[in-house]
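There are 2 protein chains.
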Amino acid sequence: MELLKGAPVSAAIREWAAEEIKQLQGPVPKLAIIRVGEKPDDMSYERSAVKKMEAFGLRVQTFVFPKDISDEEFKEAFQKINKDPAVTGILLLRPLPEQIKEKEIEAMIDPGKDLDGISPVNIAKVFSGDPSGFAPCTAEAVIEILKANNISIEGKRAAVIGRSMVIGKPLSMLLLKENATVTICHTRTKELPEICRQAEILVAAAGKAGMVEESWVSDGAVVIDVGINVDENGKLCGDVDQASMESRNLLLTPVPGGVGAVTTAVLAKHLIQAARSNVLQ
Amino acid sequence: MELLKGAPVSAAIREWAAEEIKQLQGPVPKLAIIRVGEKPDDMSYERSAVKKMEAFGLRVQTFVFPKDISDEEFKEAFQKINKDPAVTGILLLRPLPEQIKEKEIEAMIDPGKDLDGISPVNIAKVFSGDPSGFAPCTAEAVIEILKANNISIEGKRAAVIGRSMVIGKPLSMLLLKENATVTICHTRTKELPEICRQAEILVAAAGKAGMVEESWVSDGAVVIDVGINVDENGKLCGDVDQASMESRNLLLTPVPGGVGAVTTAVLAKHLIQAARSNVLQ
Numbered sequence: 001m002e003l004l005k006g007a008p009v010s011a012a013i014r015e016w017a018a019e020e021i022k023q024l025q026g027p028v029p030k031l032a033i034i035r036v037g038e039k040p041d042d043m044s045y046e047r048s049a050v051k052k053m054e055a056f057g058l059r060v061q062t063f064v065f066p067k068d069i070s071d072e073e074f075k076e077a078f079q080k081i082n083k084d085p086a087v088t089g090i091l092l093l094r095p096l097p098e099q100i101k102e103k104e105i106e107a108m109i110d111p112g113k114d115l116d117g118i119s120p121v122n123i124a125k126v127f128s129g130d131p132s133g134f135a136p137c138t139a140e141a142v143i144e145i146l147k148a149n150n151i152s153i154e155g156k157r158a159a160v161i162g163r164s165m166v167i168g169k170p171l172s173m174l175l176l177k178e179n180a181t182v183t184i185c186h187t188r189t190k191e192l193p194e195i196c197r198q199a200e201i202l203v204a205a206a207g208k209a210g211m212v213e214e215s216w217v218s219d220g221a222v223v224i225d226v227g228i229n230v231d232e233n234g235k236l237c238g239d240v241d242q243a244s245m246e247s248r249n250l251l252l253t254p255v256p257g258g259v260g261a262v263t264t265a266v267l268a269k270h271l272i273q274a275a276r277s278n279v280l281q
Numbered sequence: 001m002e003l004l005k006g007a008p009v010s011a012a013i014r015e016w017a018a019e020e021i022k023q024l025q026g027p028v029p030k031l032a033i034i035r036v037g038e039k040p041d042d043m044s045y046e047r048s049a050v051k052k053m054e055a056f057g058l059r060v061q062t063f064v065f066p067k068d069i070s071d072e073e074f075k076e077a078f079q080k081i082n083k084d085p086a087v088t089g090i091l092l093l094r095p096l097p098e099q100i101k102e103k104e105i106e107a108m109i110d111p112g113k114d115l116d117g118i119s120p121v122n123i124a125k126v127f128s129g130d131p132s133g134f135a136p137c138t139a140e141a142v143i144e145i146l147k148a149n150n151i152s153i154e155g156k157r158a159a160v161i162g163r164s165m166v167i168g169k170p171l172s173m174l175l176l177k178e179n180a181t182v183t184i185c186h187t188r189t190k191e192l193p194e195i196c197r198q199a200e201i202l203v204a205a206a207g208k209a210g211m212v213e214e215s216w217v218s219d220g221a222v223v224i225d226v227g228i229n230v231d232e233n234g235k236l237c238g239d240v241d242q243a244s245m246e247s248r249n250l251l252l253t254p255v256p257g258g259v260g261a262v263t264t265a266v267l268a269k270h271l272i273q274a275a276r277s278n279v280l281q
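Line by line, the protein sequences give chains V and D. Heads up, the first sequence is in this note's numbering, so the first residue is 1 and it goes up one at a time. Heads up, the second sequence is in this note's numbering, so the first residue is 1 and it goes up one at a time.
Do not rely on the hints blindly, as some may be mistaken.
Here are some, though not all, of the chain D residues that point toward chain V, as calculated from beta-carbon distances under 7 Å [said to hold, decoys possible]:
(1) 121
(2) 189
(3) 193
(4) 230
(5) 233
(6) 234
(7) 236
Hints in this document: simulated from the structure, not taken from any laboratory. Note that the structure is a prediction, hence the values are computed from the model and not measured. Ideal placement from N, C-alpha and C gives every residue a C-beta, glycine not left out.
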């Protein structure tokens with residue numbers, strides 16, 4: 001087994017970003033992170049996003065709202081940030097508390113600032129293969145890892161375990177755009193191990209610790225682990241049982257240090273792309 | 001081989017429609033068909049749509065524009081129809097001539113009148129599995145045929161040949177919503193016959209006459225032929241080589257008389273659904 005680490009991929013995006021930032025007109029792009037409540041997952045992702053933006057020489061401002069904020073109040077505050085010309089891009093930490101109508105926020109967000117691809121406009125673009133839309137950062141991070149490692153996608157059999165709107169579905173579309181033959185698997189899939197064994201590129205995005213076992217993976221496969229779980233010892237782990245893969249001939253992204261490390265780099269990339277489109281408009 | 005004909009499926013939708021129309025408040029729903037130019041394919045589809053609406057007791061009006069109409073003129077005329085409260089739903093025959101910016105028309109169409117699912121709002125809904133969106137009629141016709149014939153989709157291996165925004169991609173999402181495990185195949189797919197043989201539900205939407213041969217299909221499979229091609233003798237034929245399937249144990253939709261016959265029935269269904277949502281608003 002060889003590990004496909006996220007750090008070099010992130011470093012390459014950072015180099016690209018440094019060049020891009022130099023060529024941008026106007027102020028340094030600014031990311032607005034919007035958080036409602038104090039969920040540990042949100043705060044942990046927020047910290048790593050802030051750190052990454054600063055490392056990339058980008059600006060970031062966090063907006064925090066109490067978890068019991070009303071739908072109306074939140075929408076008003078959200079719209080203010082959304083319309084603020086000083087805000088280049090937005091990262092909204094989700095899911096939002098129940099009282100807030102998330103679908104309506106998705107419809108409100110300016111597609112040009114929607115760095116994580118939650119607006120119907122961007123969803124439709126990703127579905128139709130239009131590269132002018134923002135895909136969810138995690139889904140795009142998978143493609144970045146494959147490309148940075150010169151792993152050809154064209155004509156490959158790919159299996160994606162998971163059909164969420166954050167990873168499984170958009171990633172399937174991104175793989176399809178690169179001309180993979182994609183099988184979308186989920187909890188109702190029968191013969192999942194067999195389908196995984198047929199995959200040359202296997203993406204685990206089920207959110208189930210260690211579910212992909214050694215016997216599910218074929219020799220020479222590229223295995224991308226998008227899962228972020230906590231095991232029985234309180235340790236972070238992926239959807240792939242990494243220990244069982246040690247002696248196998250395959251490539252695997254570790255958790256932590258794999259896809260997660262690239263996701264915030266893609267967020268930075270999207271922020272720069274958003275700034276560039278603003279200038280072009 | 002047993003044929004899955006479209007006529008009984010269309011008849012069942014017609015029965016449903018008759019009940020629904022009785023319960024609708026306000027005038028009988030009206031479909032606006034918009035055609036630019038005189039392409040035989042467009043005119044043939046238009047004729048069958050008009051016939052179907054009339055058979056279902058629905059109203060239809062056709063708007064025809066010259067094929068050299070300017071983008072600006074067409075948009076103005078389109079917007080007038082789009083905003084007309086007397087128009088319940090719209091069918092826009094596509095592709096439009098080059099001078100018309102089709103993407104902009106897709107963004108303009110009222111999602112509530114967009115019976116063939118071309119608006120980004122409906123595309124995003126179909127992608128995310130939200131049943132309040134209109135899927136393209138042909139894609140939905142495939143699901144109608146499966147359901148009307150009591151063919152269970154849940155947990156089945158499905159292969160879709162073709163990745164267009166009219167059939168392949170939206171149909172993959174509709175099958176996924178019914179909990180099939182879906183493989184999306186296309187021109188760059190390697191080992192296509194092998195993948196087809198693994199499918200319990202095989203959908204051919206490649207637009208290539210007779211490409212699916214007898215050896216590609218497993219016993220007991222359900223084969224849905226969405227292709228509409230003209231063979232060397234000028235006869236209408238599908239993507240499946242029907243003659244070679246005769247002695248096989250499988251279900252197959254014929255061409256003509258299969259999916260096509262159901263597509264316009266789904267259009268009528270969408271028109272009634274559009275009318276119903278208008279009343280609810």
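Here is how each hint holds up against the structure:
The interface hint given for residue 121/D holds, since its Cβ lies 5 Å from the closest Cβ of chain V, which is under the 7 Å cut-off. Among the interface hints, the one on residue 189/D holds; its C-beta lies about 4 Å from the nearest C-beta in chain V, closer than the 7 Å criterion. The beta carbon of residue 193/D comes no nearer than 13 Å to any beta carbon in chain V, farther than 7 Å, and the hint placing it at the interface is violated. Interface hint at residue 230/D: violated, since its Cβ lies 28 Å from the closest Cβ of chain V, which is beyond the 7 Å cut-off.
Given the 7 Å rule on beta carbons, the hint for residue 233/D is violated: about 33 Å separates it from the nearest Cβ of chain V. This hint is violated: residue 234/D has a C-beta 34 Å from the nearest C-beta of chain V, more than the 7 Å allowed. Hint status for residue 236/D: violated, given a least beta-carbon distance of 29 Å to chain V, over 7 Å.
In terms of the numbered hints stated before, the structure departs from hints 3, 4, 5, 6, 7, listed from lowest to highest.
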